[in-house]
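Engineer: First residue of the sequence shown? That's 1 in this note's numbering, and the numbers climb one at a time after it.
Honestly, I wouldn't trust all of these hints.
Restraint-style ranges between C-beta atoms, simulated for each label pair [as the list claims (entries may be wrong)]:
{"hint": "1", "residue 1": "Asp255", "residue 2": "Pro755", "range": "41 to 51 Å"}
{"hint": "2", "residue 1": "Pro7", "residue 2": "Met113", "range": "23 to 33 Å"}
{"hint": "3", "residue 1": "Glu959", "residue 2": "Pro755", "range": "22 to 32 Å"}
{"hint": "4", "residue 1": "Ser503", "residue 2": "Met113", "range": "27 to 37 Å"}
{"hint": "5", "residue 1": "Pro7", "residue 2": "Arg244", "range": "39 to 49 Å"}
{"hint": "6", "residue 1": "Lys806", "residue 2": "Lys1198", "range": "24 to 34 Å"}
{"hint": "7", "residue 1": "Pro755", "residue 2": "Gln470", "range": "53 to 63 Å"}
{"hint": "8", "residue 1": "Arg759", "residue 2": "Gln470", "range": "53 to 63 Å"}
{"hint": "9", "residue 1": "Pro970", "residue 2": "Arg740", "range": "36 to 46 Å"}
Keep in mind the hints are simulated off the structure, nothing from the lab. Just so we're clear, the structure is a prediction, and the values are computed from it rather than from any experiment. Heads up, the beta-carbon is just placed ideally off N, CA and C, and yes, glycines get one too.
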Amino acid sequence: MVDCLPPVLLEACVVVGASDDKLREVYQKISNNGTPEHLLLEPEVLHVLAPPFVSRSQAEGKAARSHGKRRRSFLRKKRELPPSQAPHMFAGGGADGRGGSEDVIVPKDIDLMALPQLCFPGGLQVTKEQKDEQFHFLVFTDVFGNKSHGVVMQCYRPILEEMSVLPNGAGSFKSSQLFSAYSFCVISKYPYFTALRDCLSCLLIELRTCRLSDVEERVKEFAAKLALVPIPPPGQLHLMFTLRPLTIVLPSREDKEHPAVDLDLHLPFFCFRPQQLLQVLSCLLQEQRVVLFSADWARLTLVAESLLHFLQPLSWQQPYVPVLATGMLDFLMVPTAFLMGCHLRHLEEVAAETDDLILIDIDNGSVSTSCSETLDLPQIPPAAAECFTQRCQSLKIHFDLYQCQHASCTEISGQRAQRRAWQHNLNQDIQRTTLELIVNIFRDVGSHLNYEHRVFNSEEFLKTREPSEQLFYKKVLETHIFHSFLRDRLNRKMDNYARMELSTRSEMQRMKAMLEVPRRPTMQEIQARRNSSATENRLSKRLGMSLPNLGDDQTLSFQRNTLLTRIILPDPGVRCTPKSVKVFKLPDFPAALSVHSVQSYYSELIQQLGKAIFSAQNEDPTLLARFYFLRGFINTLCSRRLDALGDFQNLYKTDTAIFPTQMVTWLVDSLHRDERHQAERRPELKRLILKVKTENEKPLVQPDDHVKKFKLPRKHLHQEEFVRCVQESGIVRDVATIHRLFDALIIDETNQVDPELFRVFYTFWKETEAEAQDVNLPSEVIDCLDNNECVYKLSSCVKTSRGVGKIAMTQKRLFLLTEGRPGYLEITKFREIQEVKIASAPFLLVRIPSLRIRTSGRPEVFEANLKTETELWNLVVKEMWAGRRMADQHKDPQYMTQALTNVLLMDAVMGCLQTQRSITAASKLAYFDKIKHEVPMMVPKTTSETLKHKINPSLDLAEPQTVHVLLYTPGQLTGNEGEMNAKLWVALTGGRVVVFDAASWSMLRDCIQVGESQLNCMLGLIQEQVWIGSQDSVIYIIDTHSMSCNKQLTEHRSEVTGLTVDSRDQHGSQQTYSCSCDGMILQWDSASLKVKRQFYLSCDRLSSIQIHDGTLWCCCGDSIVELKKSGTPQRRMSLPDDLRSIPSSFSSFIIIPERGQVWTGCADSGELCLWDTNNHRRPTKRISLPGSSGVTCMIRVKDQIWVGCCGQSSVGGQCDGQLRGQVLVIDPETHAVSKELQAHSDSIQTLCSAEDRYVLSGSARRDGKIAIWKVE
């Protein structure tokens, strides 16, 4: 239960020093023997202060804030002292400040046994002079990896000699010339180092001015105030409070996964040059045994914490102790990797007595090992390192240089605010710089992941690295830190790393991501590699090509880039606009620490949050969610359970990313009977409680976090095992292609593939892929090819009709690489081929097999004496030719990519079998050449002219998925982030949403998961939101900027089937309507996400709604119903009698107000019915749809009606199925079908319009593609 409770700033405040007995003993000894130079005492815990600080009458109140276990006070003496000898300072040990025998609450995660040493890591000294106060910082980590953070303030006080004791217990004292240190340690679960240091600085002022007898009470008041400070929720809302004389700010975490950043991240840049900083990060990435040294205890933790921030999203998994006390140096002997810190005076001792340590001297900025003064470890790849070094040079890390152009602040609060804003912006710049470094190091990891089987092909990844980089990656790939990073990638975690990796892809990488292309170097990459070598550039050749932010990236563009959006990182000198931050000020702390005053403080805070919520209602939903979170948290502390649940219900609708599930569950379980009855009468609370109950009743499913490495099989493979093995290997993902490969590799009647044969096949495939990486073409040849062309196959040297040389194949053409003086002779482009056949050429007394290729535009036939390679090249060229024709006819580049994959698989099958049946086996993979003879390839002229392009939203999946819904959202200019391109949102099976850039049709997001059920409808709103209705009765809301789903509307009880918006409302608050299949219709205020009206329509199934001129029209299966504003039916158009007998139902409808017409279509009828809005008893006209057996969807574009249909194919379908999909374009004036468009091999599921310029159609899973049609 404790983990569910609201988080507060203070976990405990501990006072550490020497006991009074020990000080008295020391004083007497010194008085007799004189003052020693250095006297060290054993520190002890003198006082522990932990919440709660005010008693509550209710028993539940005590349980609600019991953060830890009860234990005896650490102040209880081994022997009881008489009252006259009671300690002078911190006499009590309990949370209530009473005597030493009192019980105290010790937070369960704090080890008080080690704390005294850590508060005095150099020892507790008795000195002759009073020293200045000093601060240092601590981090405690338990066995589960949970962290607590401490800020320690060391002060000095004089040792007092007791002279006399009066009867009333008062005494008189005289001061000595000796001073003893004592420490105040504030412990928090949250890393607010700067804020807690400021708090202790305020306490210091109090202690300097108060009497000694009042110190304990002042410290208790200080701790009690910090216990009233809540932790800001993740996001852009910071909290501010006043602890006189300072105003202190608690920055929020960016998200749940990352801690708050409340320290100066630029400190390591003061201590190290970029080259040394890269060495340190390299050591941490390789999980070495790293020790930090400094003469300043404070620097150790601050630098260590900064370094760990620089590694994000990689998370340090090994032991972490940034401050080791002098008595803890034996920790450095542990054999595992670690990150620890100790005083600089121990450097030589540690170096001499331990081996294999990385020694980092913070004060001198040096990095060495305990074996030598130099560091002999693999370094970060040079391309990423060079980019990082350039970025570091542009960081503005000197506040004085920034301040010199600004006016001087006349108040300390203004000066602190100015410094705080500067530091916040600098921290963001540094985090972007270090994140960019991590992205550049691990960018290509994603290309070697298999998500379905959770496999990382590390061997293949290493082969793509430069030889000089491989040792670095070998070490990193074996670490725990990288394994955790891999789990997040396989889970498709959309964090800052994923967002930057996507946004910084080069155009080449974006194009490759759109097509599943086997890895081969493009001409552009070969040329860049050559240029890099010629200029002795230190940058890595391969990694350099994956860095879109380097200066020579201007060469990384396609010849035809008009359809592509160039995306590069900002210039190093230009800092990105930081996210806006809102600061909320807490009320002033109460003067007294009574129950009444604390309750008054919370009431005032709730009142202020209520005002903030009211102000943010129509402005910023993200900020509104944070205010709901805070108010729910405070209501929980005040035991206002129903109010807290109400706030969390509103939070759930506004931002589910910060919804405190455990806290809400605990609140629901703790409701009293009368509170539960009240909740039952409030529909929104009833829904929340039901949801919590439902979630708790679900079986706990542990996330699949395992990561596998690909291993070759050791036993015979059945088809299912073979599919899994090939997918894990990364060779090919498509299941249908793997089935054909399985048939090709079966060597007997067992229908199994021999493991040795698979090993030979895999080896041949990978060796061919590796050889292609080292292809060396003359510059004259490269200049003749397109930038994105790759050489995929090269013949042996043969005699041809155009000379002697090697025949080379790219994805676009065949060319001859001539012998002697290497040159380029183009043979043909695949789209120009007219005939391919095997012939025989005379040679002496025999005839040698040859390949003849006849092309358009050339009268002569090309002939090559390929000898034993003839049959394979015949298959290869025919397959590429057929794939090219299919791609051109269907405007679908994936056909060409698939043909290329088939060709490479043929080549590998031939290479691994090397028997007489090898060509027969390879021919089983010639898929497109085969279907060319079975199915007419010619696409109707109308379809070819209208079809612009096709895209595959299931590209990274093993099998095609049904396209259920399409939504186009137009681009726009945004104030802070510049231009935002138009997007295409695609809803696939299982709650998966894919997003495309509608300018280049490149994939922006391969998966936004919104529930697990089928998605039925989508709607784009001007508040930069996309609403999605699901079968699970939830409306999911996606933010179009972040492309994340953090909002849910749960008011519907059944499957959400329709969404519509009143387009007449051009103001900020659009009137949005949703419907569910049970007949419920809700009207929403889209800004506040609140239901304004709801009404119920009695029908069998409400499948969709539309609004025209403020009137709602509903598709109810057997009728189309027009509703009055009150929600009552006004007109009803019932299904014609002849269609009722089928039975059938309305699937879609269109309103044409200016013609007074309603057009309807039925799922089981190949005709459209036209209704007059003034005569709704029977349709006035019926339009027969040729070749259609049912209508699935309709939209109106300009003055045309586009109808999506399904039907039976008269020739067996394009491939092998029975269904086909077609789009019909109908003239609403003549009622004639003006176009019949055929581009899908399965039924059309959805249509959408892109600004009336294009219509997009999505089909069912046998086809699973999206066709883009031009509108005339």
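Engineer: Each of the hints needs a verdict: does it hold here or not?
Structural biologist: How the hints compare with the structure:
1. Between aspartate 255 and proline 755 the Cβ separation comes to about 46 Å, which falls inside the hinted range of 41 to 51 Å.
2. Taking the beta carbon of each, proline 7 and methionine 113 are about 25 Å apart, inside 23 to 33 Å as hinted.
3. Restraint check, glutamate 959 to proline 755: a C-beta distance of roughly 25 Å satisfies the suggested window 22 to 32 Å.
4. One distance hint, 27 to 37 Å for the beta-carbon pair serine 503 and methionine 113, is violated here, with the actual separation near 49 Å.
5. Under the hint 39 to 49 Å, the C-beta atoms of proline 7 and arginine 244, about 24 Å apart, miss the expected range.
6. For lysine 806 and lysine 1198, the Cβ-Cβ distance of about 54 Å falls outside the hinted range of 24 to 34 Å, so the restraint is violated.
7. At about 28 Å, the CB distance of proline 755 to glutamine 470 disagrees with the hint of 53 to 63 Å.
8. A C-beta distance of roughly 23 Å is found between arginine 759 and glutamine 470, which places it outside the suggested range of 53 to 63 Å.
9. Remark: the range hint 36 to 46 Å for proline 970 to arginine 740 is upheld by a beta-carbon distance near 42 Å.
The structure does not agree with the numbered hints 4, 5, 6, 7, 8 stated previously, though it agrees with the rest.
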